[in-house]
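Asker: Residue numbers (the working numbering), protein chains in the order written: chain A, 0 to 192; chain B, 3 to 315.
Since the hints were derived computationally from the structure, they do not count as laboratory data.
The hints are all genuine.
Just a few of them, taken from the derived set where beta-carbon distance is under 10 angstroms, the chain B residues facing chain A:
| no. | residue |
| --- | --- |
| 1 | 23 |
| 2 | 137 |
| 3 | 138 |
| 4 | 186 |
| 5 | 198 |
| 6 | 210 |
| 7 | 217 |
Covered stretches of chain A, going by a simulated chain B footprint (3 or more residues, C-beta under 8 angstroms):
| no. | region |
| --- | --- |
| 8 | 40-47 |
| 9 | 55-67 |
| 10 | 74-80 |
| 11 | 168-178 |
Only a predicted model underlies this, so the values are computations on that prediction, with no experimental measurement involved.
Yeah, the Cβ is synthetic: ideal placement off N, Cα and C, and Gly gets one too.
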Amino acid sequence: MESHDASESSSPAPKSAKAGPALRWGRRLAVLFLLWHAAAMTFTLVPNESFLRAALHPVFTPYRELTGADQHWDMFTSPPNYSAFDAKVDAWDAAGNRREFGIVTPGLRPFPGYFRYVTVLTRMESPLYEPYLKPYAAKIEAALREQPGPPLVRFQIRKSARHIQRLDIVRQLDEIDYEVSTLHGPYEIARPR
Amino acid sequence: MIGKPRDRCRNAWSRLESFWFGAADARVYAIVRIVFSAVALANLVDLWPHRIAFFTEGGMIDRETLLRVSEGKPYFSIFYHVTSPAGVSAVFVVAAAALVCLGLGVAPRFAALLVLLWHLGYTQRAFVAIHGWDIMLRTFSFFLLVSPLGKPWTLARWLKGGHARRAELLVSRHGLLLMQLQLAVMYWHTVWLKVVDPFWRSGEFLSFFMLSFYSRFPYPFFAKATVLIAILTYATLVIELIVPNLLWCRRTRALGFLLGTGLHLTILLVTQIWLFSIIALMPYFAFLDGHDVDRALRLVRRRKNGRDHELLG
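Next comes chain B alone, as it looks inside the complex (with noise of 0.2 angstroms):
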């Protein structure tokens, strides 16, 4: 009778282990550290031309002010101790460096480690000029840190040549389901907060939205064509709402990468946030299995055989 709520323990923390340490296709965590790489890097050298103005002494946000601010909070940030104008081009330099190696997986941990670093780095020191994509990224730099980084799809793999073998690509998926929680924890609160909102409730939202600076086209046409405003603000909730949830379950995933990618790519074609659109993409990656990797694998490799037949035949 003592052994059984024994036992019962056991056998939950044991499917607990299960459920965090369970299999994942180390490609997937390689397409991740990928598209990571490439976003952040597009990140950036967005934010280059405006390194002087948000990370120097003579910038535009206050260091002093910065740290009597913060104060007392766990903040580490390069830019506190590198002020001149150099010194910050330096460590852009650095940061651009680590994320292309990271990319390319080579010395990947320690990459990711100075990824995160940049990440904390910037948006500690110029946290007055920083948005939701930059969280993002300082989020998901962590996740690499504490993710399996694998060797598929490197550097080193590709000059070595040949395929990685079967057990290189069993993994812990423990760092997918961190990435999975953060796209879920992000569109949850998103639609938390914008659910009270009255201009999100009377469906006028994206009517501001498409006026506003952000948009390519602010023409009164929307603030004119209410039904379809209407029904286009709550589509945009709803999707928010379900996406991580059709993202979760096989059977759906192409759905959810359907809606979502659609509301993202249309926010990329009719505004001028094109990082968000682009940063907001990346997290859907890791919700891919081998599967779906072998499937796009295939057809990657069937459309590239039918262009060889048509260009020797």
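With the rest of the complex left out, here is chain A (with noise of 0.2 angstroms):
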């Protein structure tokens, strides 16, 4: 590990003895670069409500989204509802009869307790997301088809969650939650022909 006493407070960055004019434009357009990119990263201050987003939103937007730069800091903005959460695929056969299944695709495998499968399937009940939810039936579908024993003819998706209880509640009866179950479904199973 090297030390050194490199003074860098006011001291410009090194660069070659005679800056030539391609070098100078280059800096110049650097500048630019730089300033752009500055601006569309402070652009994410604009509340989404604001007319001015509206209007900068073509200007900024697709460059945000080519280079990553597109962000939005709400995470932790409103508070977390629940305290566990699980999930299961139910699934019938034609007597009645019920299965329970994991809701990992591929392979119907359980749901492993991480944060990220939490964040897919609460977000999937959002209209933003909702298009990846039909999809998401149809591999469970699919899988099913697939499982041995008699043939399974509808399943739900089934999230159960321990919702937190507004806090006087908690206060009052050392309880700090209660069971909401959300129910995707019943699904039918389409046999093959």
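Could you use the hints to bring the two separately framed chains together as a complex?
Answerer: Okay, structure coming up:
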């Protein structure tokens, strides 16, 4: 590890002794690019509801999407609702017997308790991510069709969450949460002809 | 008279150039490069067991739907084309190798390009599953690609031995400025969004957070300690608001580090989202300067000498 007194505060970065026109123009272009990128990043701070955002959206958004600078820091801007989360697939055969499967495709593996699956499953309830739900259900359907035993005829995705109570109720009862189930389905399992 | 405004413009432009291309210590870039590689690798390892579920054709996030929804957007993802379990695993391995190379300073520019493509690729393919820290890693991949990656603290330098020359240590600071701005944008945007939420305003947010599945200690105590929780909730907002300013000013930088690391290490201790904390701390290193690095190195050397004396004594 090297240690040098590299005093950087006010000194300019080293450049070649004679800056030719190409280098000078290169530096100018680089400054414009850096200003542009900084502006594209700072655009994040303009609220979604703002007219300014609507006006500048076509200017900055394609560039932000292309370079990965697109960002929205809304993590934990509203409180989390769940104290526990689980999800399963319930499937029934023609006789009405229920069987349970995991929700992770491929293979219908059990819910692993990893937070990204909670994110995926809860986001699929919102309109923005809703288009992903049907294809996901189709993959579950295809996997259920392959299951051994009596043919399964329908299924549902069951998300069981422990919803955090209102805080005054937690204070009174010393109980943090209550059970809430969200169901997707039932979906019919089509048999191959 | 005509010359004056032109001179003024020229001076202003020259000041602008100096602002972006003023000198920075290359070791600061090296620290950011190494820390970034370590935390991005940790994130990749964390994703590894779930790669089949999130990135393959049979996984939970449908590729066709994704392509349809993002039609017309300038997105690129290697996972649009590589969809088999073996192919996805291979992409993960290449990305891990690129991160290791970047950390060691081996072909750093090419490694940085691969690392950017990795972050763009996985965040776009699995965007239903991504979080804020994935975006932080993605933006920093871009900054590293356009930054001077320098010679200090690379594998080649370590194998060769000796010190870097002074000229090698002074590089343009533009990459560090972008990284610093990114941290400020992250904190200020989140504060901007939080202050209108009724639970942040009432000071109850941390009660919910500590009772949620993110918490390691979900006890009713966190609903009852109302005053303490309100103070901690507001303190979080204040820290997020002032930390970028404290870090920018040399006199208050240590306080900025103390408050910011205090916040994120507390989150690390009490929650299960350890990745969030270590990735959120990574941008702090972009605020260091050469004096900070020298001071830290002197401290390390003094400790090491002290230990050697103890062993000899």
